[in-house]
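When you line the sequence shown up against our numbering, it's residues 2 to 137, in that order.
Any given hint could be a false lead.
[Said to hold, decoys possible] Here are the simulated DSS-like cross-link-like pairs (lysine-lysine), alpha carbons at most 27 angstroms apart as the crow flies:
hint: 1; residue 1: K135; residue 2: K123
hint: 2; residue 1: K57; residue 2: K21
hint: 3; residue 1: K6; residue 2: K123
[Said to hold, decoys possible] Ranges of calculated distance between the beta carbons of each label pair, as one might list FRET restraints:
hint: 4; residue 1: K57; residue 2: K123; range: 32 to 40 angstroms
hint: 5; residue 1: K21; residue 2: R53; range: 12 to 20 angstroms
hint: 6; residue 1: D22; residue 2: K55; range: 16 to 24 angstroms
I should point out that these hints are in silico values taken from the structure, not numbers from a laboratory. Every residue gets a Cβ at the ideal spot worked out from N, C-alpha and C, and that includes glycine.
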Amino acid sequence: MRNEKVIFDTNLWISFLITKDHTEIDDLIIEGKIHLIFSPELIEEFLTVTSRPKFKKYFREQDIEELLEIFDTYATLVNVNLEITECRDPKDNFLLSLAVESKADYLVTGDQDLLTLKKIRKTKILTWKDFINKLK
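With the hints as constraints, model all of the structure from the sequences given.
Shown next as structure tokens:
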């Protein structure tokens, strides 16, 4: 299997933090099966969401720091210069722009506004379950 370029939406990272179940993604990253793609906007969204008081009871600051270390070690930070406006929720367009700019293979999300598109240029938009099934 080739090293797939993958963008994970913030909702997935939050889910991994809450469930404490990110072994599968850790294995994919460490085995070199996937390569994470981030943008400054995606990191900012992740930090904003994880700092919300309602999430404080689900994970510790140390959990966030460990994920940030993974991002720092295994991800490519892409500065996005183009603007895609194809999502029905304008707040999600930055992810589509990142997907196109980085030429990502996959955008993995739980967001129906993105999933309904199925694809943006060459980037397939999938749920976590569909993504894992595709990699098997």
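Which numbered hints turn out to be false for this structure? none
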